[in-house]
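Chain residues, written in single-letter form:
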Amino acid sequence: MAQTEQTTTAISTTFKVKPKLQSKPRNPSKTLESKYWSSFKSTRIENLVSSIPSIEFSPKSTGRGVFAAANSASLTFFSAQDFSTVSTISCSDVVTSCSFRSDGALIAAADLTGQIRVFTTKSRTPLRRLRSHTRPVRFVQYPSLDKLHLVSGGDDAIVKYWDVGAEAVLHNFQGHKDYVRCGDCSPVDAGTFLTGSYDHTVKLWDVKADNNGKKPVLEVNHGKPVEDVMFLPSGLMFATAGGNSVKLWDLTGGGRLVHSMESHNKTVTSLCLGVIGKEGGEEASQYRILSVGLDGYMKVFDYAKMKITHSMRFPAPLISIAISPDGNTRAIGTSNGSIFAGKRKVKKDDDDMEQDAEYGVLKGLGNGEEAQRRLQRVVRPGSFRYFQRGQGEKAKEGDYLVARGKKVKLAEHDKLLKKFRHKEALVAVLGKKDPENVVAVMEELVARRKLIKCVMNLEVEGELGLLMGFLHKYATVPRHSRLLMGLTRKVLELRADDIRASEGLKLCVRNLKRSVDEEIRIQQSLQEMQGIISPLLRIASRR
Amino acid sequence: MIRGGRNYVSSPPVFSNDSKRLLVCAGNSVAVFSTDTGLQVASLDGHAALVTAVIVVPASTPGSKILCFCWTASLDGTIRYWDFAVPEMIRSVDIKLPVHSMVIPSLFNHLVEKSEKAVKSFAYICVEAKEEAEDRAKGLFQVRKCNLTDARLVGGAVLAEMKKPEIITMSSCGELLGVRRKRKLDIWKVPSTDSGRTVLKKITLHHTKALTVIAFHPTERILAAGDATGRIMIWRGFGNKTFAMANGHVNGSSMITDEENPGVRGSDDAESCTTWHWHPAQVNLLSFSSDGAYLLSGGKEGVLVVWQVDTGKKKFLPRIGSPLLHFTDSPDPSFSSISCADNQIHLVRRPSMEILKSISGIKLPYSHPEISKGMSSGVSFDQNAGLVALRTESYAVQLYSLFDDRGISEVQVYERNHQPVDEVTIVVTSVVLSLDGSMLCTSEVRLPEDGLGHLVCLKFWFSKSKAGDFSLSTIVYEPHRDAGISAIVFHPNRRMAVSSSFGGDFKIWTSNSGVPMKEESQPNSGWICHAVGSYKKKPMTAAAFSPDGSVLAVAAETVITLWDPDKNLLVAVIGEAIMPIVALSFVGNSDHLVSASWGSKPQLAVWSLLNLSTCWSYRLHVEAIASSPDSSSFAALVLLSDSGGVYDPNEKSHKTVDGLILLFNSAEPNPVAVWSVKKAKGGALAFIRNQSSDEESSSDQQQAAQTLFAYMNADHEYVLFDPHGTEAEELSVTRWKSQSSPEESGQVGYASLYGELLPPIPSRKHTPWSVPSFPTERPWETIFSGPSHNLPPLTLLCGPFLEALFEKRTAVEE
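Quick mapping for you: the protein sequence lines, in order, are chains E and A.
Numbering follows full-length UniProt numbering, in which position 488 of the first sequence is assigned residue number 488; successive positions increment by one, without gaps.
Numbering follows full-length UniProt numbering, in which position 437 of the second sequence is assigned residue number 437; successive positions increment by one, without gaps.
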């Protein structure tokens, strides 16, 4: 049959053995954006003492990425690269909130005793201790455009504006009627900030206003205790989270409600801003609102289209989220003391390539001499290269290209099946660990009436064990069980003596038995469930 | 009337002298194909039965290469002489005996020595001898000599007699003739100056197995023969003793001993005999190349083997995909033709063995294990475009244009390499085209090996352009668990299909959630199951949509259930046929439904949808039903047994079953028209919208002429004609009948009975009976009606009452 390979003029084409198609959902869920968001490879950081109420990434300017997570009475720094613990700062009480200064040199941490402490991030030495709150502080933040002041709010319902250097309160903003839980400083104006409180209101304060903090500049009612509030990058809109909903407000319109997103099932606990799209690319980077809730969902909201573009579930209630300034690392804190940290795989993408190309062009220009030399090196007859000249030539623009016929790429089992070496094909595909292909080869063997013969011919040592292992693993998979259960019975029938003789195969059979028992249990419980449901369906269909 | 779908591979084709044309025996005519384009250029019509041999008169001088004359022989007992360039018939020789094979050695002889012009040409023919009773006792078929110049059989010159018709093989220069007779070969030497009286010298070679094919070496005295087990014998130097003798035949066999003649059996006159064995099954074709250096052989496994005659070395042209039947060399040494069993003729470039062109006819029916008892014959018609979809042996579907008589495209339903020798394990069970031809649905079954791996697969295809190329849209594995599919029907004007199964349920499939087909939607939206229905867990055996698509009729064995396909509600039940129903069809724009059932008491029944009862029925075995889309007539193909009675499927005495096509107006039981046909078992019927341009131009013709009627017989030969035709067209129908069944005319003679009752059909039932069961709305109201003292005891009433409360509706919405 060796000659059969050489002729390509055969009339019937060669078909590969194809696995059965998998059913796909009707609406493909993988949009470009959801692909982006699910490209964060999630790792779980465990064994933290208690819930993680606050996570902060260090600002971009400070070289290596670090994020800080408040965790019980300590503040832990993690590397944004490999999520290993870098260092820890111990505090006297449970830390509720932390904030990096805009240059990343300092970090402020608020705790339940009501004091705010400021540390250097490098040496972790405490620099300042701000004491004025009488009740636990829930929120502290450095304004993004200001290095000297701090904003804080707490259970005493007072919002304070601090001069950090002097450890003194500059302004007390009184207006909230319940615990202040959250706040955010304006990205465009150093003296403006928002605070959200359990009295359902979000208030906008301005340090520069005349009335000296007696009255808020703006006030909106969220309708539920506010858990988080966030300015959008323009500084003209902000988002609030509370209850099951996230609401968008227009600041320039005097606090007009723009949109209310209510797709979480439980309380939304934290908001953060995400970036999608390449920086500096043609598509300007687009911002998304990421929200997490106690229902374990993280939702991505496109506030240009007012649409949820991605939704993702984590196996724990989520209470805080942060995204690194470059948008490549995401950290989500849960209420049970673990962090889901995710990092996008950054491709060595096109910019680098472009750069290389550019570099090449520059080099080419610079090395004009060499190019000339290459031109002069005309291939002369008599050399081997002379026979190969022109073979690597690329087609020019106007040339008619004769397409070469597409070659079917055959896997090893396909080649063996083509040569009618059935048993070897079965063994080859069993070694490949792809159950779909194995079943496809088995089906092809059935069509050739050769499967039983193959089973009979398998060697006891390795090959039969391989098959038994496969059957143990996949015989109860519903997709394949119709074929594989029958085959299992056949194998046990045909090779009973061999199996009895070999210790390893006996073990396989024992495993097999266990998985079959398990399957029977599942089927029984499913039938019980069907018994419960079917009368209900019956009644429902009668209506 | 259009005829077509003929078999191109019944006899070997012949090249014309300039190799520009290929003459192919196709049914009752000879089709002339261009070898450049592979398209048919002409047709030699005139024979009244199957043409069995065609011989091109060879060119004696290079200048005469453009001459295009040929002899043809046919089963109608005539040998005709044609000019196939024009094409017209020049002469006809009537010998009154069916000719099965013919060679004319003298044509090739006077190539060599063209001495006198007035040489008589003699043909050697294999004829069916049936005039004398004593001949029948000896053997039915004779090899005889025929004087073509005088147009008569040469008396007394019966060369051989045998039980079966055999091909006469001639050496390339016409001096030797060979005929195989089971395990023997008879070889005659034709004298260079042939006359009626000359006695031909004959030798016989023997073999242990039945021989299938022989070939003569062009220059040397070498003979090759293939046998049924795949061996190829090569006899060298045969007949040296007998044919070399100047006169008389001396039996020199006594001198021959086995040592001198290795491999030669007994007293055969040959020097040596060698055996080559590569083919696993019967050898079908053998041919020496024109220089005699190579021998080509082929058989059932579909591989052309090229043997080097001197050394026995082999080269292969594999994967032709179908059993090989004939091989023909052309005068142009650069190419030749291979005929395959799937009705394809491949033109092969010679030294490199590449396939240049393929002439592909309609796919022939093939044998496969019977999967279902249903009527799905695997033939589906596209009424508007005049296409027919047929299953092929290589797991594909061929789309064939009825009007153009050529293949349009092939759709590979199951992607697998077809090996002709293998046992058939995958069967494409049904092929259904939607009414507008834009969708195709196929189902296939993989037969289990020892109870393992049984799989039923339903596939939906859509076509993007009008060219008939379909691409796969959806695959449904095990649509009805492991139960077989009995019928598939498409909704007439929406993207909806119904598949019914023997497992007791039917499923309604939709694509694009029922958007009308006219709107162009994205084609690759898949099909999903819209609803499942079942009726008392009975096997669902047939299904049909009403012409407007509002009613779905599904046959649950003997009863017909009517459903609303959108809401999946059981509307009504019509009972009760005698045997399980195998086919259902709504009749055009009338309120009637036709059903056909098989079994010991076959039945053709027409049901009225208005009063849900039978209108009339016949006890007939119906092979196919077709209903006209826009009138109230329908046609049924009825099988007849030998005795003219009702066909019984259990008797297997004959392989071709004659039948009748009855055209009915659904309101009355008397057929409007009757045609008798041959080979009706496995046939198919359809009404096709006429689209030939000349019909369109004469718009004043009556409306009935717009629809043609198509009948395809068991060999996939088809005919298109106008069922309500005028006088002339009726004549043509009878002419066609006389062509297709010449010896039948005396037997049945239904043509004289147009419009009358059918006397031979027994047990006609005129009395319509009322429906035995249909769901009543509120049965409990009737249970307790009447005075209380007349009511039966409560214990008896309890049962019916509770039963009335139970769910009658079996449909389950999904």
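If you are wondering where the hints come from, they were derived from the structure by calculation, not from laboratory data.
Nothing here was measured: the structure is a model prediction, and the numbers come from that model.
You may find that some hints are simply not true.
To be verified - Ranges of calculated distance between the beta carbons of each label pair, as one might list FRET restraints:
#1 S60(A) - K415(E): 52 to 58 Å
#2 K415(E) - P351(A): 24 to 30 Å
#3 E46(E) - L805(A): 56 to 62 Å
#4 K415(E) - Y366(A): 25 to 31 Å
#5 P478(E) - G599(A): 55 to 61 Å
#6 P535(E) - I475(A): 32 to 38 Å
#7 S39(E) - D436(A): 24 to 30 Å
#8 R521(E) - P793(A): 24 to 30 Å
Note that beta-carbon positions come from the ideal geometry of N, C-alpha and C, so glycine has one too.
Status of each hint after checking the structure:
Separation of S60(A) from K415(E) is about 54 Å and conforms to the stated range, judged on CB atoms against 52 to 58 Å. Restraint check, K415(E) to P351(A): a C-beta distance of roughly 29 Å satisfies the suggested window 24 to 30 Å. About 59 Å separates the C-beta atoms of E46(E) and L805(A), a value consistent with the hinted range of 56 to 62 Å. Range check, K415(E) to Y366(A): Cβ separation about 29 Å, and the 25 to 31 Å hint holds.
Taking the beta carbon of each, P478(E) and G599(A) are about 38 Å apart, not inside 55 to 61 Å as hinted. Roughly 35 Å separates the CB atoms of P535(E) and I475(A), a value that falls within the hinted 32 to 38 Å. Restraint check, S39(E) to D436(A): a C-beta distance of roughly 45 Å breaks the suggested window 24 to 30 Å. At about 49 Å, the CB distance of R521(E) to P793(A) disagrees with the hint of 24 to 30 Å.
The structure does not agree with the numbered hints 5, 7, 8 stated previously, though it agrees with the rest.
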